Amino acid sequence: MNKFWTRVFLLATAFLLLLFFSNDFGLIDIQKTSIVTAIGIDTSEQEGKIDVTAQIAIPSAGGNSSAGNVTIPAVSTIGEAIAEFNRKTGWYPTLVHCRLVILSETCADNDVFGFLDYFLRSEFVEDSCLVAACRGRADELLAAQTPVGELTSSAITKVLSSEAQKTGLVCVTNLRDFAKGYFSVSESGYLPVLSIKQEAESSGPDSSSSPVFACDKSGPIEKNETTVRRAAPAAETGFSAQPARTRNNFDRLRAPSFFFSPGIQYLPFRRWRPNRNPLPVSTASQSQNGPSEQASSDKKADIFDAAQTLLFYRGRRVEILTEEETLAFNLADTATDFAYGDVSVVENGAKVTYNLKIKISKKSQKLTFPNGKPVFTFTIRAHANVNDADQAFDVQKIARTSIVPPQVLRAAEAKLQTQLSNILQKIQQTNCDLFEMKIKLKRFYPKRYQSLQNSIFSDVQIKYDIKFDTMH
Amino acid sequence: MRTDSFHISRRPLKSRTEVFKSGIPFDFLKIYILSVLEKIVILPHERGKVAQTCDVETNQKTKKKSEFSKNLQENIDAVKAILTAEDIFLFEFCCADKTAATVIYADGITDKELLGTLAARPLAQKNAPKTLEEAQKSLLFPETKTAQSLQQVCDEILSGNPALFIDSIPGAVILGTKKISLRAVMEPQTSITVKGPREGFIEDVKTNMGLIRKRLKSPALQFETLQVGRVSQSVVVIAYLDNIADKKIVKEVRKRIQAIDIDGIPDSSYIGQFLAKKPYSLFKQIGSTEKPDILCAKMLEGRIAILVDGSPIALTLPYLLSEDFQSPQDYFVSPYRATISRILRLFAVLVSLYLPSFYIAAQLFKLQLLPFGLLMTVSGGIQDIPLSPSLELFFLLVVLEILIEASVRMPKYVALALSVIGALVLGDTAVKAGLVSSPAIIIVALSGISAYTVPDLTGTLSVIRITFIVVAGSIGTYGILLLTALILWYLISSDSYGTPLLAPFSPLIPKDLSDSLWKTDIYDLNTRPAVLRGKNKFRLKIKNRGN
Amino acid sequence: MDKISVRQICFLFLAMMPLTKLILYPATVSYWSANDLLLSAALNFVAEGAILALLLLLTKKTEKTFFDLLRSAFGKIGAKIVYGIFALYFAFSALLPVLEHKGFVLQILYENVPSILSFVPLFGVTFFACIKGFKTIGRTADLAMPIFLLSFLGLLFLSVMQADYSALLPIAAAPPKRLLQGSLFGLPWYGDSLCVLFFLGHFRNEKHTAKKILFSFGGGAVATLLFLATFYGIYADIAVKQQNALAHISKYTTAYTSLGRIDLFFVFALTLVSIFYLCVPLQLSVHCVRKIFDDCNPVFPSAALNLAFLVLVIVFNYSYLKIQTLYTQRLWWIYLIFCYALPALSLFLLLFRRKDKTLLRFEQTEETENKNAAERAPSLLQKKMNVSPKRAQKSPSVPKNNERGAS
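Same order as they appear, the protein sequences are chains A, B and C.
Note that the numbering used here has the first sequence beginning at 1, numbered continuously upward.
Note that the numbering used here has the second sequence beginning at 1, numbered continuously upward.
Note that the numbering used here has the third sequence beginning at 1, numbered continuously upward.
Some hints could be false.
Said to hold, decoys possible - Quick list of in silico lysine-lysine cross-link-like pairs, DSSO-like style, CA-CA up to 27 Å: (1) C:K3 / B:K278; (2) B:K511 / C:K3; (3) C:K3 / B:K277; (4) C:K3 / B:K284; (5) C:K3 / B:K248; (6) A:K32 / C:K207; (7) C:K211 / B:K535; (8) B:K248 / A:K3; (9) B:K511 / C:K212; (10) B:K278 / A:K3; (11) C:K3 / B:K535; (12) B:K537 / C:K102; (13) B:K511 / C:K61; (14) C:K3 / B:K251.
As the list claims (entries may be wrong) - Some chain C residues well away from chain B (every beta-carbon gap over 12 Å; in silico): (15) T140; (16) P175; (17) I314; (18) Q324; (19) A344.
Please keep in mind that the hints were generated in silico from the structure rather than gathered at the bench.
This structure is a prediction, so every number in the text was calculated from the model and none was measured.
Quick reminder that beta carbons are idealized off the backbone N, C-alpha and C, glycines included.
Just chain A, with the same shape it has in the complex (with noise of 0.2 Å):
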């Protein structure tokens, strides 16, 4: 090495150092960010402006980590909270590890797509978040108290998880597709509702609530600086001055006469009885998360349910989807494999509901033109066993469990049947392609597009192919 690259590498080597041991050249390093993990949308007070919420995970040396929610009022773009956020906190807010972007109702009824564009604009925010509607207030959904302590975003998050897809139990949607939605030339779109269905201390028969959106019953929170809030599990400053208010009662958990309360955890929900049972949600007091460890059993716990779903259409919601309708949906369309489900019949003159395994083989939607007509078909294959009935069976009945009656399986395609009735009717009503109709039109069928694509809700015929087997 002569000494001119000699010179060279020492000078390289003392820039290095220079930048390595300096190192404040305008670095937002992990000690001056703070690390946003959901985002709540609501409407504000003033016209035409957007409260903020940014739950902010607060770690802590021993690993239990926290959190703290954030609201800056009144702003119109998100864009302009999070720079206002940074500006009143000091904290650099980091969205790369946001997972969760929660609309509230009242937004919904303006385009959507006003608020979530910050999301797809930027590189620095996923657009890999899942993304639901709630009712009432998003900053207040977010301040709740976990049954388990945990962040109330994780809490979430595993709700409208991959896994509650699976199951059937939801309607689970990341940002790209509900963008892909409503770029593509269907124009539509869905969200899971997200609802706060029960505090242990004040959860009863008596606290029932609406099924339809319960904003109304909300009175008007005063923000006029930014709050901030610790949500669960620290729920200490935040969330004991929100209003308790019970949005959903039990009852509507109770199974209903069909496809009700799908998924694995229906069953202890159905047995439950309030008065007799305290809610297992109850044990929150026992979380061993950060300063939650100091709740105790008298702290509200809630748990979250987003059965319904909530169709939108050019960005604005239109429709919605009930938890029966949304389960049906995911059997026939989502990525939904195996799900529980109610079916009753009349057995010996006595009414005998049959509680359902259902494990989807097939599921496709097809549309063709067989006589130039547009026809719309559902083909699904399931297969299914008895899981429980409410009725005493002889031992030998119960030996032959896995087999389920005909006629219970005729019922079940029936109400299945049913229930996509029930939803086509909704999207004949609202134009809210849930079935991508029109994609499909345009794909597979480019010329008859520019003349069916307006009419083709109304045009088309359903056809059903829904065969329900017994599982060997």
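For this one, chain A is given, so just place chains B and C on it according to the hints.
Okay, now just chains B and C, sitting in the frame of chain A:
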């Protein structure tokens, strides 16, 4: 036997004044003047040449004056004139017919007992021989030879082999009574294996040659002996298998060793530096081993070995980087196990290099690299730490290096104290005091330990790791990638005697891959590495597998 | 003489060529051709494949370098002029990928917009690469191959399950003009076949060389098309806004796993390979300059080129969009000329083979003379080869590799 005829004169040969009175000091003066002139006038690159010229002239002059005389005293005087040191002694005795004989030897490195019993005693009991050949036959000693010149006599004396002069015989007999005080052949500390041979090289080159010869009983095994070092006159041996090794490389190595003009060679690593094409390189260019079994295996692959007297470390070349990921044990276990071990070593090296730097880059520039749960743990751990993540890790690594450096050099009896200080004071207490975070300690410890899975690369890895940390702390993830690219570029453009350092990966030599990152069955290793360009390609003849 | 092996050229096409097309190109071609992006891309690949086939025909006919062919046809001065033009072209064509790479790096490898300082050290690396010859291009291709294969397949594996390939339907629905625009405006991301023209004479024409290289090119093309299909399958109508496609298509699978964005390590590995690939046009540019100045020391042209790029990157720090528009929508014809027309025309150089033979004879005579002279007086040869006796003595020539080791 007449013991009284022995007269040992234990006196220094000659004083400095005596030396100056003879004609020879002129040469020394000339050398001195020339060397002064060289420093003043002559350009640096010509200095060596002048010194060589000077040496040649001196040698020629010595040769002219070094004709052996029939007169014993004249011969002794001639030797005395050259060897003026105080440890050069004369052993004077008489043969049975009273003819005087003298042995000149260097004290301390000559076995005097052997000299007395096997050389002097037989001569003392017989009449003086008439010729050197007759003298050789009279001696009861196998290692004798006649000296060709006075210079050779002096060299041999200094090597521990005394010179026997007999009155009225022109010439001298060199007696191979060198005193060899050897360390036992034992397992080297730097290369310990659970399975496999445990012999290691020692400091004596002849023993080392023997250890090789013991394993390669082939006439093709060649040893070429060279002397390096104007003062140390160290013996350097080039060993290779004539029918396998690339002769061009042998020639090249010989040429480079012969070109070395240095006063002394304390260890083989000196030779290594002269043989390296880029001596300033961070990466090794010459392989090394302390074990004869490894050396022989490498020679059988077509490599050339270099042994240096006084060093237990043998050098091998050409060198491939993948060599360091191989362990002798790999050849004694199943190929699956060997492959897993090698992949594990590579993984450990990557962990050692990249874990600290990515840890820093993640915290400073790319939080997304850490999963959310881990991010919370790390973020919680570094709360209230006064140093930035990069400085924290930098100082911890410096501490680790200091501990390693100290533990290598410190006496064993304080090792325990150091462990306590290192583990408790610097580790646990520092975390408790909030000076460093627990994740950082874990990262540094893991990185430090991982580097030792490839012991030969530890030093290199250590330097690169620190560089990676500095780069990651300054530029972030992209810096890590750029430095990786630079290192890879450097490696792919480097070679060791025409053999690319990164072979068989770059350039890709598919056949050689079977004993690189993974190891295949012994039957698949039937050819020698193609990259070494050996003459004899096949090492295993598969006629039948014995079944 | 710099050598590169056929295998390494194959790897270059298979492992490095697709990489430049995985960042901004998918969004760009989606913009023009929408769901017909595969057609636009395929059109480019077919055209480039045809040129590659012609160039491989050229390699079959002659073993001389492109420079020697030019010298046969136009004389030394003419050859130097052509090389000068190509040197400028390579430098020109390297700017857009460098700026694209900068955007990718600063957005994907950092979470907050970092200083340009973070990008500048790239030119240290490219400078080092430029002072090395073709040998390192080939060897980096050898290294890039397993890295690319592992990472690309890993990313694709994580992405495929998110893709709905029916989004590519209906085929050929986009107007032909848009398809053509997609192809023409995508030209800056193509033109890798041109490298073969400069590798001419630097690799030994083995059996099935043409087949191997064309298959590798096809493999690279298939990999690119597969990526584009998956990309569009994942994003469909929002593909246009998905810059840095490489870093995003796999995140939907990994974002919610306990390991987090583990796919980022694949992205980093591919970024490393793309650094290797970025150097290729710069290295070729330096190669051309060296030829102009009779194999001068590569340090000076490398330093000048990289310094110029450093300045350009700083100047165009916030102008990527403008540069991209300029390159893709206005200057696409330059790529058409240099990557398609001129390589095709280079076949006509074979017409000068007669002269070529004369030249060959002359060179053989020259070589023999050199050999004899070397035998007579080694110092003469050393002087001729610009090797000082001192240097020769200090670092004696290392035995040359055999064919296998040399590349």
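Each hint, compared with the structure:
no., hint, result
1, C:K3 / B:K278, "holds (22 Å)"
2, B:K511 / C:K3, "holds (21 Å)"
3, C:K3 / B:K277, "holds (21 Å)"
4, C:K3 / B:K284, "holds (25 Å)"
5, C:K3 / B:K248, "holds (21 Å)"
6, A:K32 / C:K207, "violated (61 Å)"
7, C:K211 / B:K535, "violated (32 Å)"
8, B:K248 / A:K3, "violated (32 Å)"
9, B:K511 / C:K212, "holds (19 Å)"
10, B:K278 / A:K3, "holds (15 Å)"
11, C:K3 / B:K535, "holds (23 Å)"
12, B:K537 / C:K102, "violated (48 Å)"
13, B:K511 / C:K61, "violated (31 Å)"
14, C:K3 / B:K251, "holds (25 Å)"
15, T140, "violated (6 Å)"
16, P175, "holds (40 Å)"
17, I314, "holds (16 Å)"
18, Q324, "holds (21 Å)"
19, A344, "holds (31 Å)"
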